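Position chain B against the provided structure of chain A, taking the given hints into account.
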Amino acid sequence: MTRQWWTLFAAPLILLSTACPHKSVPAASLKPTGFGVTLVESSGGKQIGPTGMVLAQPVVVQVNDEQGTAVTGALVEFSGPADASFDPPTGLTDSSGQLSTNVALGSMAGRYQLTARTSTKAQKSVELKIEEIALGYQEEVGFQLDSKYCARCHDPESTPERVSNHDNLEVKPHAFTEGDTLNRMTDAELSSIISHGGPALNKSALMPPYGYTLSKTEIEALMAYIRLISDPPYHASGMVYAQE
Amino acid sequence: MPLSSESSFEPKKNSLSALWQTLFGHPVRAFGVVSLLLLILLAIAPAKNHFSEWRHYQKQYLALIRGRGDAVTLERRFHDHDGIQQIWLPQLGVVDRCTSCHSGLKEASLSDVSTQPFRRHPAIPHTLDQFGCVMCHRGQGPATTVEEAHSSTLAWEQPILPARYVQSSCGQCHRAPLTGTPQLNSGRNLLGRYGCVHCHTIKLPDGSAIKPTDDPPSLEHVADKTTREWVYAWLKDPQAYAVTATMPNFKLSDPDARDISAFLIADSTPLAGDTAPTPKNEKAPDPTAGASLYGESFCASCHAVQNAAGNVVGGDVGPELTRVGNKVKPEWLRAWLHNPRVYDSGTAMPHYRLSDPQLSLLTAFLGNKTDTDLLANVHLDAATPEQIAHGKLLVTEYGCASCHEINGIKKPDNFAPELTRIGSKALTQIIFLPGMTHALPDYIAAKIRQPRSFGSALKMPQFSLAPGQIDALTTALLSLTDRAQDLPRALTVAAKPASNYQPAGRAGQLMSDLACFSCHAINGRGGDMAPDLTWEGSSVQRPWLQAFLKNPGTLRPALIRRMPRFNLSDEDAKELTDYIMTVYQTPEFDRDSMPAGGYPAAQVERGKQLFYSKYACQGCHIVDTKVDKGYIGPTLTQVGSRLNAAWIYHWLKEPQNLRPGTIEPNRNMPDEDARALTAFLMAQRGSGKQEAKK
Chain A
1 MTRQWWTLFA
11 APLILLSTAC
21 PHKSVPAASL
31 KPTGFGVTLV
41 ESSGGKQIGP
51 TGMVLAQPVV
61 VQVNDEQGTA
71 VTGALVEFSG
81 PADASFDPPT
91 GLTDSSGQLS
101 TNVALGSMAG
111 RYQLTARTST
121 KAQKSVELKI
131 EEIALGYQEE
141 VGFQLDSKYC
151 ARCHDPESTP
161 ERVSNHDNLE
171 VKPHAFTEGD
181 TLNRMTDAEL
191 SSIISHGGPA
201 LNKSALMPPY
211 GYTLSKTEIE
221 ALMAYIRLIS
231 DPPYHASGMV
241 YAQE
Chain B
1001 MPLSSESSFE
1011 PKKNSLSALW
1021 QTLFGHPVRA
1031 FGVVSLLLLI
1041 LLAIAPAKNH
1051 FSEWRHYQKQ
1061 YLALIRGRGD
1071 AVTLERRFHD
1081 HDGIQQIWLP
1091 QLGVVDRCTS
1101 CHSGLKEASL
1111 SDVSTQPFRR
1121 HPAIPHTLDQ
1131 FGCVMCHRGQ
1141 GPATTVEEAH
1151 SSTLAWEQPI
1161 LPARYVQSSC
1171 GQCHRAPLTG
1181 TPQLNSGRNL
1191 LGRYGCVHCH
1201 TIKLPDGSAI
1211 KPTDDPPSLE
1221 HVADKTTREW
1231 VYAWLKDPQA
1241 YAVTATMPNF
1251 KLSDPDARDI
1261 SAFLIADSTP
1271 LAGDTAPTPK
1281 NEKAPDPTAG
1291 ASLYGESFCA
1301 SCHAVQNAAG
1311 NVVGGDVGPE
1321 LTRVGNKVKP
1331 EWLRAWLHNP
1341 RVYDSGTAMP
1351 HYRLSDPQLS
1361 LLTAFLGNKT
1371 DTDLLANVHL
1381 DAATPEQIAH
1391 GKLLVTEYGC
1401 ASCHEINGIK
1411 KPDNFAPELT
1421 RIGSKALTQI
1431 IFLPGMTHAL
1441 PDYIAAKIRQ
1451 PRSFGSALKM
1461 PQFSLAPGQI
1471 DALTTALLSL
1481 TDRAQDLPRA
1491 LTVAAKPASN
1501 YQPAGRAGQL
1511 MSDLACFSCH
1521 AINGRGGDMA
1531 PDLTWEGSSV
1541 QRPWLQAFLK
1551 NPGTLRPALI
1561 RRMPRFNLSD
1571 EDAKELTDYI
1581 MTVYQTPEFD
1591 RDSMPAGGYP
1601 AAQVERGKQL
1611 FYSKYACQGC
1621 HIVDTKVDKG
1631 YIGPTLTQVG
1641 SRLNAAWIYH
1651 WLKEPQNLRP
1661 GTIEPNRNMP
1671 DEDARALTAF
1681 LMAQRGSGKQ
1691 EAKK
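Heads up: the protein sequence lines correspond to chains A and B, in order.
Numbering of the first sequence is given in our numbering, commencing with residue 1 and proceeding in unit increments.
Numbering of the second sequence is given in our numbering, commencing with residue 1001 and proceeding in unit increments.
Simulated from the structure, these hints should not be mistaken for lab results.
Computed from the model, here is a short list of chain B residues facing chain A with C-beta under 8 Å:
| no. | residue |
| --- | --- |
| 1 | SER1114 |
| 2 | PRO1122 |
| 3 | ALA1123 |
| 4 | GLY1180 |
| 5 | PRO1467 |
| 6 | ALA1616 |
| 7 | TYR1631 |
| 8 | ILE1632 |
| 9 | GLN1656 |
| 10 | PRO1665 |
| 11 | ARG1667 |
Straight line, CA to CA, 30 Å or less: simulated DSBU-like cross-link-like pairs of lysine-lysine:
| no. | chain 1 | residue 1 | chain 2 | residue 2 |
| --- | --- | --- | --- | --- |
| 12 | A | LYS203 | B | LYS1653 |
| 13 | A | LYS172 | B | LYS1608 |
| 14 | A | LYS148 | B | LYS1496 |
In this text, all values refer to a predicted model and were calculated from it rather than measured experimentally.
Built from N, CA and C at the ideal position, the CB exists for glycine as well.
The shape of chain A in the complex, shown without the other chains (with noise of 0.2 Å):
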């Protein structure tokens, strides 16, 4: 009796646990044919896409054993900060000790962390770390803006693509992701450097003024993307980790 009236409360109660949104587990279906000591990097890395999407390039991890020899057949998961999304999340190293994922980045701007996960044989999970970055609006605008003015001599790559002037030049430009450097710069720094050019903070001409080309939003965006891609990451109020 008691207990049939407890159940009209616990009704609802149930009702409502059941409509919150609960994560859905991958089912580990996969058996592993062989184990690894060593997880490595082959590619993928320290990639930089706008979020939500998939990254331009796979993420590819090689297991290998003692010897440094590639392994076969051994079980690799990758996992991430809950919105971002890999194709396959898990599978099994080919014939070379690789696999190859596809990487969707989360709806958030900022470093996303990336984990890949083996375990050897006495069941001893072995991990690595990747790290990629995902471009929100005004950082996607920020890159842009990047590749048409910036890259030019600010990219020390060059390509027959696109050149970059960068070691030509007497006074070396600073790559934007060198971080000891520009995350010493504070935003009025950075913003007048873009601004007024290198003389406004008693830096080399070769550094025009872009004040008069760019409109204020498109330098805050600029600055926003230099701010996410620093290595090492620039931590200052409006810059975070997207966490697990």
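Frame of chain A; chain B shown alone:
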């Protein structure tokens, strides 16, 4: 009371009547029970309100901000509007209550919060109050529970749009490409480039339709150009011939490919002048000379070749040439290189005026680009009339004439479903595959990825697209919503109308013949590989232009794509120069307002100082080849005999005004600095070669 029936079935009747007796056996007790029930019923509504999800999230939000430095400000702002929040925009049809739970969207100081639903909204050009949420994110704005707002439930059809397709929402109002939406821009280009719109009509709100940009070749004279074996191999797997081919794979069976190739070759009619025999008494051409002619003619600006490492190197205006020797007949290739406009009057390929030995060189060089495996296993017997007839039937069924001109077959109208409103297609009209998420983006992406997985009898062929391209196309298609079609014009941002500018007269004919628009834009028409020539007449000096057209020198040494030499005759070069110098004049300034020379030495010297110190132009430009290393902008060693003085002056003052989008920064230069720099630059006349020529 059904509650008691769940455990025991046999003494059901007994226990039921016992229960009845317990509850209602006595009038007072019955009254009590009924009152209690009534009270509970009455309590349901306030309880539901009290336990609602949005209250739960608002409490969580308050807990979240409590410990923060600016808690007082945040709390005050929150309490100014607690309860259910609503953004109501009648003009856009927006009723959004998302901010009831997403409380921190507008709080700049919450940038370190990554837990939903309290994240700050990333910076975008629009505000919440202007556009609401569902305009961009879809979902159900009026809903007040998480599931109904975000997912597709029984009552609501519109789930939230995954972040990877969010740029599609920008495309509902913005028809013009935006800097911040590369994926949408790329998807829209792909709709034209992969020829989707040959079969699927996509109408824009202004009534025009998206036009294809892939220019599939006419097959009316295909037998002059290639062999039946090649057509067969191509039909079976276009990407085996060229990895960059945009032609999709129709997954044809061997007999079907055999019959279609038989029909196309039998249906082809010869065209006068599209083949030219190699002269008999010719020495075997030197293969290295062929390679250098290919390089000098900048063929690679438009055509790609796959190198040994498998990388495709070169432009994508023309077809890939890795295995072109397998495809074209030498006599056709020679005639094509001689004048491509005979075979295809609208081709993007310029008419190089190549000499006979040059034609032989290039024909032999390209003819050697073969892959012995490509046609090794293709053995076709002579076609029978039945095969040809069956081929014709197949060509009609597969809608080949939607893209290609084919003798005797009309271009079918509306061959495939119209996609004008595909972004609002009702889920009830879609047949999903087993295991697929029931959402429109997943359906569209799956359909592009593998069309035949929805039924082997479907006609849509298999396109060869990278995952990123599929996402881009899906994004572009999702932007084609009811809202995009029905929004008042005042609320949309129209694309620049397509220009069909055509220069007049003989110069106009010459420009078509040389396909100037394949690389240069003039008055809004043309490509972006080379500089915009709309104001070219104001920019350059006449003798330089005429000499450049005859023999284009290097302006930007670091570029791999440069103006090729077309071997123009003197009359043709003069005709073009006259036209450009007369017609392509900017109204911004008078070309003759500044002298070409005779500037005082002191001014020239001051200009030099400014060039090297204040403005540090040597970072991008070269004036003195011994010292300067600026490889970004054009070389200025001879700029005094190339450019017009007034152009230099006005360019220095405001470059974007003369060529919108140029990367030369605006230096906000004082008049006297601009004059001094003009004087210095006009003094750069190089070695004097150019003048000597005239």
